[in-house]
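J.: As a plain string of letters, each chain reads:
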Amino acid sequence: MSDIFLWKPVIEIMILWFMIYHIMLFFEGTRAIQVLRGIVILLVAFFVFQNLGFTILDWLLTKLFAISVIAILIIFHPEIRHGLARLGQRHLFGTVLREEELDFILSQIVKASEILCKNKIGALIAVEREDSLAPYMESGVLMDAKVSIELIQTIFAPSSILHDGGLIIQHGRIMAGGCLFPLTASSDLSRVFGTRHRAALGLSEETDALVIVVSEERQDMSFAYQGRLHQDVTPEEMLMKIKDIIKVKKEK
Amino acid sequence: MSKDKISIIFRVKHWFTYHPWLKIISFLLAILVWFYVRGEISKFNY
Numbered sequence: 353m354s355d356i357f358l359w360k361p362v363i364e365i366m367i368l369w370f371m372i373y374h375i376m377l378f379f380e381g382t383r384a385i386q387v388l389r390g391i392v393i394l395l396v397a398f399f400v401f402q403n404l405g406f407t408i409l410d411w412l413l414t415k416l417f418a419i420s421v422i423a424i425l426i427i428f429h430p431e432i433r434h435g436l437a438r439l440g441q442r443h444l445f446g447t448v449l450r451e452e453e454l455d456f457i458l459s460q461i462v463k464a465s466e467i468l469c470k471n472k473i474g475a476l477i478a479v480e481r482e483d484s485l486a487p488y489m490e491s492g493v494l495m496d497a498k499v500s501i502e503l504i505q506t507i508f509a510p511s512s513i514l515h516d517g518g519l520i521i522q523h524g525r526i527m528a529g530g531c532l533f534p535l536t537a538s539s540d541l542s543r544v545f546g547t548r549h550r551a552a553l554g555l556s557e558e559t560d561a562l563v564i565v566v567s568e569e570r571q572d573m574s575f576a577y578q579g580r581l582h583q584d585v586t587p588e589e590m591l592m593k594i595k596d597i598i599k600v601k602k603e604k
Numbered sequence: 004m005s006k007d008k009i010s011i012i013f014r015v016k017h018w019f020t021y022h023p024w025l026k027i028i029s030f031l032l033a034i035l036v037w038f039y040v041r042g043e044i045s046k047f048n049y
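Protein chains in written order, with my numbering: chain V, 353 to 604; chain L, 4 to 49.
Okay, chain V solo, but in the shape it has when bound (with noise of 0.2 Å):
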């Protein structure tokens, strides 16, 4: 009987870790995050505090706390709805495609992003999740084409005219080329990086968009996701990376 009193802490212990590492996972690389580290100080101090038997601080600390609750809806205010209204969508690729199809499809993007790497070509690749890239595929070329590795090579050589812009994939299919993304205003981005990454990023904030970017100055890969850039990963990394952002459990 006692083993299984032993056992609830250690469940208990593992859902909360859990849980603080998803909410940290979700909150890391925005400006959230130094919010974050700043509450995570405070609790620690706080309890350091306590068990010290230091009253006086102790009182402090348990009033900032309450105050802060109010702080924390006000600051997070964007972060909490974001993250309520994503717990509650489905997620589109998932419903309209099979797992086969979708882990062929993403692995002739990574594929071809791989290619374009080594052949010192950019590239600019948006995969629709909930939220509609139809707004943007208007400024494109209209092309509703299969996905597949020689053509987005095609697409991106240097003499196509639709090499400059964006690829926007929805349902699974090629559905426009030549697309203007929106830029980011984001001052946190290095100056080394270009319009490219800018659009990457600002279509990722926009929009629950995944974005791949393949830089021809540096040679490497990069994934833009919800305002943040995945900088410089390798074509594994990213398949892998990619996959469970669409939540896909691959069978072994």
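Derived by calculation from the structure, the hints in this document are not laboratory data. All values reported here derive from a predicted model rather than from experimental measurement. Among the clues, some could well be false.
[Claimed, not checked] For lysine-lysine, the following DSS-like pairs were computed, each having C-alpha atoms within a straight-line distance of at most 27 Å:
1. V:Lys595 - L:Lys46
2. V:Lys498 - V:Lys472
3. V:Lys463 - L:Lys26
4. V:Lys470 - L:Lys46
5. V:Lys415 - L:Lys46
6. L:Lys26 - V:Lys498
7. V:Lys498 - V:Lys463
8. V:Lys595 - V:Lys472
9. V:Lys593 - V:Lys463
10. V:Lys498 - V:Lys360
11. V:Lys595 - V:Lys470
12. L:Lys16 - V:Lys595
13. V:Lys470 - V:Lys498
14. L:Lys46 - V:Lys463
15. L:Lys26 - L:Lys16
16. V:Lys498 - V:Lys415
17. V:Lys593 - V:Lys472
18. V:Lys360 - V:Lys470
19. L:Lys26 - V:Lys593
20. V:Lys595 - V:Lys463
21. L:Lys16 - V:Lys593
[Claimed, not checked] Listed next, with one range per pair, are the computed distances between beta-carbon atoms:
22. V:Trp359 - L:Tyr21: 46 to 52 Å
23. L:Phe47 - V:Ile393: 26 to 32 Å
24. L:Val15 - V:Arg580: 20 to 26 Å
25. L:Val40 - V:Val493: 53 to 59 Å
26. L:Val40 - V:Lys498: 49 to 55 Å
27. L:Ile11 - V:His429: 36 to 42 Å
28. L:Phe19 - V:Gly546: 17 to 23 Å
29. L:Ile44 - V:Gly546: 23 to 29 Å
30. V:Glu557 - L:Trp24: 52 to 58 Å
31. V:Lys472 - L:Phe38: 54 to 60 Å
32. L:Phe13 - V:Met366: 33 to 39 Å
Yeah, the Cβ is synthetic: ideal placement off N, Cα and C, and Gly gets one too.
With the hints as your guide, set chain L onto chain V.
T.: Positioned in the frame of chain V, the structure of chain L alone reads:
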């Protein structure tokens, strides 16, 4: 159809290398929160 298989070793390696500090900090925080809540609950004799 060509498919890239992701090995278990890569997944395990990825788990340890993907935000390791975030995992450590969140684990410590989880322990801290658990002990704090247990202390608070015992105060009120739930």
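J.: Enumerate the violated hints, using their earlier numbering and listing them in ascending order.
T.: 1, 3, 4, 6, 10, 14, 16, 18, 22, 28, 29, 30 and 32
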